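*Asks:* As a plain string of letters, each chain reads:
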Amino acid sequence: MTKEVLLIEDNPGDVRLTREAFRDVGMLVHLHVANDGVDAMAFLKREGAHADAPRPDFILLDLNLPKMDGREVLARIKKDESLKTIPTVILTTSAAESDVANSYQLQANCYLTKPVQLDEFEALVKNISDFWLRKVKLPQQPQG
Amino acid sequence: MNINKAAMPLQILLVEDSPGDVRLTQEAFREAGTRIDLHVAVDGVAAMSFLRRQGDHGQAPRPDFILLDLNLPKMDGREVLAHIKEDTSLKTIPTIILTTSEAEGDILKSYQLQANCYLNKPVQFDAFETVVRTINDFWLTMAKLPPRANGG
Numbered sequence: 058m059t060k061e062v063l064l065i066e067d068n069p070g071d072v073r074l075t076r077e078a079f080r081d082v083g084m085l086v087h088l089h090v091a092n093d094g095v096d097a098m099a100f101l102k103r104e105g106a107h108a109d110a111p112r113p114d115f116i117l118l119d120l121n122l123p124k125m126d127g128r129e130v131l132a133r134i135k136k137d138e139s140l141k142t143i144p145t146v147i148l149t150t151s152a153a154e155s156d157v158a159n160s161y162q163l164q165a166n167c168y169l170t171k172p173v174q175l176d177e178f179e180a181l182v183k184n185i186s187d188f189w190l191r192k193v194k195l196p197q198q199p200q201g
Numbered sequence: 090m091n092i093n094k095a096a097m098p099l100q101i102l103l104v105e106d107s108p109g110d111v112r113l114t115q116e117a118f119r120e121a122g123t124r125i126d127l128h129v130a131v132d133g134v135a136a137m138s139f140l141r142r143q144g145d146h147g148q149a150p151r152p153d154f155i156l157l158d159l160n161l162p163k164m165d166g167r168e169v170l171a172h173i174k175e176d177t178s179l180k181t182i183p184t185i186i187l188t189t190s191e192a193e194g195d196i197l198k199s200y201q202l203q204a205n206c207y208l209n210k211p212v213q214f215d216a217f218e219t220v221v222r223t224i225n226d227f228w229l230t231m232a233k234l235p236p237r238a239n240g241g
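Same order as they appear, the protein sequences are chains A and B.
If you use our numbering, the first sequence corresponds to residues 58 to 201, in order.
If you use our numbering, the second sequence corresponds to residues 90 to 241, in order.
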């Protein structure tokens, strides 16, 4: 079954690497990209141009984003009764302990730091997709 | 002299009532080679006493990571999960559900209660070992766990 993944990331290079790494894992993944926090929330709430957006099975969220930052996006997802069940994994260059602690406080499902090396980044995305999309039991959404 | 907390092995709390599964989990972690201290609570009440350092658990360390079965004696895993995630201090500890239940209702409910992830416990020995290995590789090696707070 095709998995709907929402990647919230403003760096085009990271978007491209993530897309390629997901393609290489040999699973049917629809990767949707939101380039800032406001766009991400519009996608999740199916507002504006996103009226027909699918509900993501899984969210990869960067912390440092334009317009609305990832911490705020995370807080909004986890405060929303309907959205809070979507596993939301932080993928960021920040290794600051305060960001790690704050993300878990906001109930991020997991926190990962982006490696700078290209091959390591690719390996990490493969591990994420293998673990979260293949091994983990994701919640089935009742409707829509 | 202060104990260097960073050098302390990862503290894992396994909440599991089946002695066979406890043993398999211990062995699989040992094989994986990560330095951990595995603490075991055999029911939900014991798990909460451990986490709250009550009774015999006055000296219990704060776990870095929790593996939680859903079907437990005395207090079941769903209630343990709810208690953990309602507690401002405990809620940051990654709590992974590892259970034989594949019921959609259990999966959804666990995510509603903010379980960090949900994994099925395979019945087969080999597959069980693989799952523990996967948990080790992903959560204990790749993921950033919350920092250890002072006095935590």
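Honestly, the hints are just simulated from the structure, not real lab data.
Incorrect hints may have been included.
Only pairs whose alpha carbons sit at most 27 Å apart, straight line, appear in this in silico BS3-like list of lysine-lysine [stated by the list, open to error]:
id, chain 1, residue 1, chain 2, residue 2
1, A, K60, B, K163
2, B, K174, A, K136
3, B, K163, A, K183
4, A, K141, A, K124
5, B, K163, A, K136
6, B, K180, A, K136
7, A, K194, A, K136
8, A, K141, B, K174
This structure is a prediction, so every number in the text was calculated from the model and none was measured.
*Asks:* Of the hints stated earlier, which fail here?
*Replies:* 1, 3, 5
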